[in-house]
Amino acid sequence: MKAIASKVSHNPIQALSDQADAVRWAQDAQCVEKARSEASAESHLAFAQLVERYQDYLRNMLFGLCRNQDLADELAQETFVTAWQKLDTLQEAVKFQGWIKQLAYRQFLHHQRHQKVVSAHLQHTRETANAELEIQEPDWQRLLKPCNELERELLVLLFGFEFTYAEISSLRGIPLGTVKSHVRRAKSKIAKMLEESS
Amino acid sequence: MKNNELDDLLHEKFKTLSTSTHEHSIVASVMQRLDTSTQRKAAVGGINREWTLVLGLLFGLGAGMPAFIDLTQWLPSLSGPGGVELPQFAVREWIGSTINSIKTSLSVHGWAAVLASLVTITLLLVPALED
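In order, the protein sequences belong to chains A and B.
According to my numbering, the first sequence is numbered sequentially starting from 1.
According to my numbering, the second sequence is numbered sequentially starting from 1001.
Keep in mind that the hints are not guaranteed to be accurate.
Stated by the list, open to error - Okay, derived cross-link-like pairs now, DSBU-like style, lysine-lysine, Cα gap no bigger than 35 Å in a straight line:
hint	chain 1	residue 1	chain 2	residue 2
1	B	K1013	A	K145
2	A	K145	A	K189
3	B	K1015	A	K192
4	B	K1015	A	K187
5	B	K1013	A	K187
6	B	K1013	A	K180
7	B	K1015	A	K180
8	B	K1002	A	K180
9	A	K86	A	K180
10	B	K1015	A	K95
11	B	K1013	A	K189
12	A	K192	B	K1013
Quick caveat, the hints were computed from the structure, so don't treat them as lab data.
Input sequences plus hints: build the corresponding full structure.
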């Protein structure tokens, strides 16, 4: 405990960020407890607060993964509905953020698996996504250009949404070492592209 | 470019993605869907997924054990004078005789145990694995 305290005091910016996180998680926990309550109106109101708080985060994350805003919004809605249904299975209310982002990633993977079966729909979605990319291409998308689909996905999760390697490995069902080597390969592709462009 | 410099660059560039906001809110649509279609899924007896798996396996094995004991009754029919040995006749005949042995030696209690085992495993394991 002392070690943590001294670490925090030496890094005031980190300490503030940690404090903000702690406050946010405590608020999440309060909302989760209220949302779990039997009283329907109160529980709906509390869950609406959670949706309000995390909608941008999830929509951004899902857009980063599928690169189609309409689809990302649809998947985000599905995620919140699933979260509502499974709210009683959440063990620690303070870990709501980590839990819901995992649900969102599962939703994306489920959609991706379904897409493989419905190949015509896949083609359409890719075309829409590509069209969107041409209209508005922020820096992060330009950086990901040399990477393949899986590498893009892993970088978005790692650098955009603070998933750990272990979380990705477990959710994606691929070995930890494979995740790391994909990320290493993606980073070397990006470094090469940056060197060539400079 | 060094690895940590590249990491910093990626973190910085992805910040624009993770912190961007949307004008149109989806709260109303989500809440409308909750009102119309969804029921809350209760945790399985208030226990978590790992315990559900363990209990499911224990119940499944427990219920299946009498069936297993029943099945062992047909083993001596395959054994010769020197104990258990592989049958000398053709494989198809051996499979046929094995199925017949199971049919005749498994009592009603044994079949009930097999059914109970399957139902228990289905009810407890499948929902847990879906999560």
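Q | Given hint A/K192 paired with B/K1015 - CA-CA distance at most 35 Å | A | Cα-Cα ~22 Å, so holds.
Q) Within a Cα-Cα threshold of 35 Å, do A/K145 and A/K189 meet the stated pairing? A) 9 Å, holds
Q: Given the hint that A/K192 pairs with B/K1013, test it: the Cα-Cα distance must not exceed 35 Å.
A: The given pair, whose Cα atoms are some 17 Å apart, holds under the 35 Å limit.
Q.
Just to be careful, I want the Cα atoms of B/K1002 and A/K180 compared with a cutoff of 35 Å; is the pair within it?
A. 17 Å, holds
Q) Would the pair B/K1013 and A/K145 pass a check requiring their Cα atoms to be no farther apart than 35 Å? A) Roughly 14 Å separates the two Cα atoms, so the pair holds.
(Q) Given the hinted pair B/K1013 and A/K187, is their Cα-Cα distance within 35 Å? (A) Answer holds: B/K1013 to A/K187 is near 14 Å, not above 35 Å.
Q) Given the proposed pairing of B/K1015 with A/K187, does the C-alpha separation stay at or below 35 Å? A) 17 Å, holds
Q) Between B/K1015 and A/K95, is the straight-line Cα distance small enough, at 35 Å or below? A) Given pair B/K1015, A/K95 holds - Cα atoms ~22 Å apart, limit 35 Å.
(Q) So if I understand the rule, the pair passes when the alpha-carbon distance is 35 Å or less; does B/K1013 with A/K189 pass? (A) Roughly 16 Å separates the two Cα atoms, so the pair holds.
Q. Within 35 Å, alpha carbon to alpha carbon, are A/K86 and A/K180?
A. Since the Cα atoms of A/K86 and A/K180 sit roughly 31 Å apart, the hinted pair holds (cutoff 35 Å).
(Q) Would the hint linking B/K1013 and A/K180 be met if the CA-CA limit is 35 Å? (A) 20 Å, holds
**Q.** Straight-line alpha-carbon gap B/K1015 to A/K180, limit 35 Å
**A.** 22 Å, holds
The structure meets every hint from the earlier list without exception.
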